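Trainee: Here is how the chains run, residue by residue.
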Amino acid sequence: MKKKRLAALGLCMAMCAAALSGCGGGSGEKTASGDDSSKISGIVSQPTEMTFIYADGDEGMKEAMDTIVERFNDTYADMTIRVERGNGGTYPEFIQTKDSIGEFPDMLEMRDPAVYYRAGKIAPLSDDIRDLFESVEEFGGQAYTAPFSGNNVQGIIYNRKFFQEHNINEAPQTYDDFIQICEDVKAAGMTPLCVGGNDLWHMGFWFNKFYTDEVITENPDFIADMYAGKTKWSDDNARAVFQDMIDLFQYVDTGWASTPDAQLTTMLISNKAAMLFSGTHMFSQIAEADPDFDIGWLPVPDKKGNINLVGGAVPTGWALSAEAAKDENKQKMFDEWCRFFFNDENYKYFCEKISCIPTLKENPDLDVSEPMQLALDALDNADLKVNMWNGQLGDNELPPEFRNYCYKVVTEVIQGTKSVDAAVAELDKEWANETVDFNPVKNKES
Amino acid sequence: MKKKKLDWVTVGFLSPAFVFFVLFIIVPAIASVYYSFTSWDGVSPDVKFIGIRNYVEIFTSKRFYNALKNTVILTVFISLFENFFALVLALLVDHVFRLKNLFRSIFYIPVILSGIVSGFIWKTIYNYNFGVINSILGAMGKDGMKKDWIGDPKLALIMVGIVLVWKGAGYYMIIYLASLQGVPTDLIEAAKIDGANPWQIFRSITVPLISGAFTINFTLSLINGLKVFDQISVMTDGGPGFATETIVYLLYKVGFGEGRQGYGTAVGIVLLFLIILLNAVQQKFLKSREVQL
Chain Y
73 MKKKRLAALG LCMAMCAAAL SGCGGGSGEK TASGDDSSKI SGIVSQPTEM
123 TFIYADGDEG MKEAMDTIVE RFNDTYADMT IRVERGNGGT YPEFIQTKDS
173 IGEFPDMLEM RDPAVYYRAG KIAPLSDDIR DLFESVEEFG GQAYTAPFSG
223 NNVQGIIYNR KFFQEHNINE APQTYDDFIQ ICEDVKAAGM TPLCVGGNDL
273 WHMGFWFNKF YTDEVITENP DFIADMYAGK TKWSDDNARA VFQDMIDLFQ
323 YVDTGWASTP DAQLTTMLIS NKAAMLFSGT HMFSQIAEAD PDFDIGWLPV
373 PDKKGNINLV GGAVPTGWAL SAEAAKDENK QKMFDEWCRF FFNDENYKYF
423 CEKISCIPTL KENPDLDVSE PMQLALDALD NADLKVNMWN GQLGDNELPP
473 EFRNYCYKVV TEVIQGTKSV DAAVAELDKE WANETVDFNP VKNKES
Chain A
40 MKKKKLDWVT VGFLSPAFVF FVLFIIVPAI ASVYYSFTSW DGVSPDVKFI
90 GIRNYVEIFT SKRFYNALKN TVILTVFISL FENFFALVLA LLVDHVFRLK
140 NLFRSIFYIP VILSGIVSGF IWKTIYNYNF GVINSILGAM GKDGMKKDWI
190 GDPKLALIMV GIVLVWKGAG YYMIIYLASL QGVPTDLIEA AKIDGANPWQ
240 IFRSITVPLI SGAFTINFTL SLINGLKVFD QISVMTDGGP GFATETIVYL
290 LYKVGFGEGR QGYGTAVGIV LLFLIILLNA VQQKFLKSRE VQL
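Those protein sequences? They're chains Y and A, same order as listed.
Residues in the first sequence are numbered from 73 upward in steps of one, following the working numbering.
Residues in the second sequence are numbered from 40 upward in steps of one, following the working numbering.
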């Protein structure tokens with residue numbers, strides 16, 4: 073009995089000690105950073121700490137951000153960034169949940185600036201920060217996000233060694249040529265394409281490609297016209313997008329619907345598929361997974377032979393919360409973070425690490441890989457450069473929930489559980505539902 | 040009649056819990072009813088009252104009925120199979136003389152895994168290209184039997200159901216086991232002397248005497264089935280398409296993912312009434328079959 077009491081007492085003391093050490097941990101970390109004398113101070117009037125949330129899309133992004141934040145914390149004596157990562161796939165939900173429980177961060181990677189601008193949750197960029205960038209997306213005449221990457225150029229990332237071994241060397245001049253490449257790969261015994269359909273957003277790569285080719289080339293204001301009631305998803309050009317998806321997916325790996333985006337690198341390097349349609353961010357992931365993998369890159373032309381690529385300014389970027397902006401020190405610290413992040417050394421490291429398109433007026437000289445250079449050259453020479461269909465703003469901004477709904481319907485069409493007719497009719501109905509409250513065109517008129 | 044005095048000590052002890060319960064359960068629940076009549080997006084400070092429009096949309100939406108159908112299929116599947124396997128495991132463990140605790144612990148292990156972890160484990164197992172099941176089939180030369188287990192809309196819901204049964208059966212086993220151990224041995228011995236075979240003993244003595252456990256377990260599995268979230272979120276994200284979207288998942292996706300808190304809250308209110316209704320029906324059915332010693 074006595075032993076039990078002693079054991080219980082010991083346990084209680086251990087728990088109390090653990091709890092107390094937990095309480096003291098915060099201040100311990102700050103002083104553990106070493107000698108502060110060489111650090112920069114005086115930008116803020118008192119020690120300032122800011123919470124920072126970004127989407128940890130992949131290992132490259134995680135590593136790059138961890139490194140730059142650590143450099144920032146090591147550079148300044150009186151400014152500290154506390155990072156919390158959000159899951160890349162469910163990032164908008166994560167931010168919304170944080171907001172709903174009163175933990176909206178001081179600064180964050182903002183992916184839906186239109187929504188948060190309308191809600192008054194984010195603050196405009198300072199003029200000198202805005203002036204850093206080649207172009208920024210504006211709301212009400214002001215920019216709210218510091219774009220750290222230009223639109224991710226999308227194209228076919230392929231196994232160049234396999235292509236060479238099977239004499240598939242001709243770059244496609246038309247979409248039919250590309251389909252012939254798929255046939256050739258199939259005939260050579262490999263699955264032509266892999267798709268990460270388990271992550272719904274991944275469906276956007278191919279959908280956006282066909283939407284651009286079939287719809288945007290004919291009517292750049294298709295969405296605005298949808299709001300005005302002039303166009304429908306059941307129009308011929310929009311219907312064609314769904315048929316293109318069905319036709320293409322006969323070349324896609326059988327398990328695409330349960331394959332997560334994160335597995336596509338493995339699919340490529342383990343010869344489960346020869347090609348992948350995605351953004352340039354995949355280059356660094358593939359190189360990291362298998363440094364010997366010979367990465368090829370090519371754009372997919374449309375049926376007329378034109379190259380239409382995703383490009384231009386993006387609304388996504390670093391943003392400061394409106395609440396934090398009320399604190400002069402936090403505003404100064406955010407501005408300093410932007411200057412620090414976009415300085416030559418850090419931004420060069422970031423762009424090279426995640427293979428992104430730089431956004432500054434004066435970009436650092438990047439050491440880019442061969443496929444990245446191909447993508448950059450293709451972007452320079454593209455017949456059409458356009459934002460992702462769900463990244464448009466103003467009259468062409470999608471209702472917030474429409475993208476995911478559409479991708480789910482597309483999935484059903486590809487899997488044959490819904491006909492194209494039923495799908496476009498359903499999308500027209502869903503559009504009508506979702507635009508009762510959200511209609512930038514009608515709101516502007518009224 | 041003597042008037043009872045207010046026990047201030049009791050009130051003092053109860054009040055902290057009561058305050059928290061009211062603040063974090065009752066107030067949000069009442070607020071939810073209000074928000075279900077709005078078009079609030081969950082972010083904007085503007086909350087627009089739109090009457091019963093959310094409810095009209097719910098009851099005219101194919102997506103809701105699809106989610107309802109999925110929820111019913113999943114709930115029925117896991118209620119039946121969780122309880123079936125739980126009872127089988129409980130009977131096995133009850134009849135084991137050695138290492139009883141070991142078996143009980145082994146069968147209980149899946150219960151202590153979080154829904155997220157179990158979802159990730161099974162997502163890996165089900166994976167088309169690298170998963171264990173298809174790898175074994177491939178090694179056996181049965182490539183034709185390989186399936187995209189959670190990518191095929193005809194299979195995905197049942198595959199999620201299997202994970203839920205695997206994870207939940209151990210919990211219900213413990214309740215059945217406790218109940219089985221309360222069945223008087225003299226009744227069973229008397230039945231044996233009367234010449235009853237094991238099936239007759241099980242059907243006529245064991246089942247009626249553990250019917251209280253049936254009521255508890257079916258009620259719990261019904262409620263758990265109606266609010267499945269973790270595994271769907273991790274394994275399928277409600278897909279492919281809408282194939283595994285349940286009402287709770289629909290509520291989450293429209294409320295948080297698609298910025299329609301008002302509509303999502305209305306779905307939540309409908310779900311609340313659905314749970315109350317189904318639970319009442321089930322209680323009435325199962326309670327009438329309970330036997331008291």
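FYI, nobody ran anything at the bench for these hints, they're computed from the structure.
Owing to the predicted nature of the structure, the values given are computational and were not obtained by experimental measurement.
Careful: at least some of the hints might be erroneous.
[To be verified] Below, a list of computed lysine-lysine pairs in the DSS-like style, where the Cα atoms sit at most 30 Å apart:
hint, chain 1, residue 1, chain 2, residue 2
1, A, Lys-87, Y, Lys-170
2, Y, Lys-398, Y, Lys-425
3, Y, Lys-501, A, Lys-185
4, Y, Lys-258, A, Lys-186
5, A, Lys-266, A, Lys-323
6, A, Lys-43, Y, Lys-501
7, A, Lys-186, Y, Lys-514
8, Y, Lys-514, Y, Lys-501
9, A, Lys-108, Y, Lys-344
10, Y, Lys-514, Y, Lys-304
11, A, Lys-185, A, Lys-326
12, A, Lys-326, Y, Lys-170
13, Y, Lys-457, Y, Lys-404
14, Y, Lys-302, A, Lys-186
15, Y, Lys-258, A, Lys-185
16, Y, Lys-501, Y, Lys-111
17, Y, Lys-233, A, Lys-101
18, Y, Lys-258, A, Lys-181
19, Y, Lys-258, A, Lys-43
20, A, Lys-87, A, Lys-193
21, A, Lys-87, Y, Lys-398
22, A, Lys-181, A, Lys-266
23, A, Lys-323, Y, Lys-344
24, A, Lys-101, Y, Lys-514
25, A, Lys-323, Y, Lys-501
26, Y, Lys-501, A, Lys-108
27, Y, Lys-304, Y, Lys-398
28, Y, Lys-302, A, Lys-87
29, Y, Lys-433, Y, Lys-376
30, Y, Lys-398, Y, Lys-376
Trainee: State for each hint whether it applies.
Mentor: Right, here's what the structure says about each hint:
About 22 Å separates the Cα atoms of Lys-87 of chain A and Lys-170 of chain Y, which keeps this hinted pair within 30 Å; it holds. As the CA atoms of Lys-398 of chain Y and Lys-425 of chain Y are separated by approximately 34 Å, the hinted pair breaks the 30 Å bound. For the given pair, Lys-501 of chain Y sits about 37 Å from Lys-185 of chain A by alpha-carbon distance, which is inconsistent with the 30 Å threshold. Taking the CA atoms of Lys-258 of chain Y and Lys-186 of chain A, the gap is about 20 Å. The hint holds against a cut of 30 Å.
Annotation: proposed proximity of Lys-266 of chain A to Lys-323 of chain A holds, straight-line Cα distance about 21 Å (limit 30 Å). This hinted pair does not check out: Lys-43 of chain A and Lys-501 of chain Y have alpha carbons roughly 62 Å apart, beyond 30 Å. Straight-line distance between C-alpha atoms of Lys-186 of chain A and Lys-514 of chain Y comes to about 48 Å, which puts the hinted pair past the 30 Å bound. The suggested pairing of Lys-514 of chain Y with Lys-501 of chain Y holds, with an alpha-carbon distance near 18 Å, which does not exceed 30 Å.
Taking the CA atoms of Lys-108 of chain A and Lys-344 of chain Y, the gap is near 36 Å; set against the 30 Å cutoff, the hint is violated. A C-alpha spacing of about 16 Å is found between Lys-514 of chain Y and Lys-304 of chain Y, which places the hinted pair at or below 30 Å, so the restraint holds. Using a Cα cut-off of 30 Å, the hinted pair Lys-185 of chain A and Lys-326 of chain A is violated, with the two alpha carbons roughly 44 Å apart. A hinted pair counts as satisfied when its Cα atoms are at most 30 Å apart, and Lys-326 of chain A with Lys-170 of chain Y does not qualify at roughly 43 Å.
The suggested pairing of Lys-457 of chain Y with Lys-404 of chain Y is violated, with an alpha-carbon distance near 35 Å, which exceeds 30 Å. For the hint pairing Lys-302 of chain Y with Lys-186 of chain A, the CA-to-CA distance comes to about 43 Å; that exceeds 30 Å, so the pair is violated. Under the criterion of a C-alpha separation no larger than 30 Å, the hint pairing Lys-258 of chain Y with Lys-185 of chain A is consistent with the structure, at around 20 Å. Straight-line distance between C-alpha atoms of Lys-501 of chain Y and Lys-111 of chain Y comes to about 59 Å, which puts the hinted pair past the 30 Å bound.
Taking the CA atoms of Lys-233 of chain Y and Lys-101 of chain A, the gap is about 48 Å. The hint is violated against a cut of 30 Å. Between the alpha carbons of Lys-258 of chain Y and Lys-181 of chain A the distance comes to roughly 22 Å, so the proposed pair stays at or under 30 Å and holds. Annotation: proposed proximity of Lys-258 of chain Y to Lys-43 of chain A is violated, straight-line Cα distance about 85 Å (limit 30 Å). The hinted pair formed by Lys-87 of chain A and Lys-193 of chain A fails the criterion: a straight-line CA distance of about 40 Å is larger than 30 Å.
Note on Lys-87 of chain A and Lys-398 of chain Y: the hinted pairing holds, with a Cα-Cα distance of about 27 Å set against a maximum of 30 Å. Note on Lys-181 of chain A and Lys-266 of chain A: the hinted pairing is violated, with a Cα-Cα distance of about 37 Å set against a maximum of 30 Å. In summary, the hint linking Lys-323 of chain A to Lys-344 of chain Y is not supported, as the alpha carbons are separated by about 55 Å, beyond the 30 Å threshold. Restraint check: the Cα-Cα separation between Lys-101 of chain A and Lys-514 of chain Y comes to about 27 Å, which is no more than 30 Å; the hinted pair holds.
At roughly 41 Å between alpha-carbon atoms, Lys-323 of chain A and Lys-501 of chain Y are farther apart than 30 Å, so this suggested pair is violated. Between the alpha carbons of Lys-501 of chain Y and Lys-108 of chain A the distance comes to roughly 21 Å, so the proposed pair stays at or under 30 Å and holds. Proximity of Lys-304 of chain Y to Lys-398 of chain Y is assessed by CA-CA distance (about 44 Å); at most 30 Å being required, the pair is judged violated. For a cut-off of 30 Å, the pair hint linking Lys-302 of chain Y to Lys-87 of chain A stands: about 28 Å separates their Cα positions.
Proposed proximity of Lys-433 of chain Y and Lys-376 of chain Y is contradicted: the alpha carbons are some 34 Å apart, above 30 Å. Distance check on the hinted pair: Lys-398 of chain Y and Lys-376 of chain Y sit about 53 Å apart at the alpha-carbon level, beyond 30 Å; violated.
Checked against the numbered hints listed earlier, the structure breaks hints 2, 3, 6, 7, 9, 11, 12, 13, 14, 16, 17, 19, 20, 22, 23, 25, 27, 29 and 30; every other hint is satisfied.
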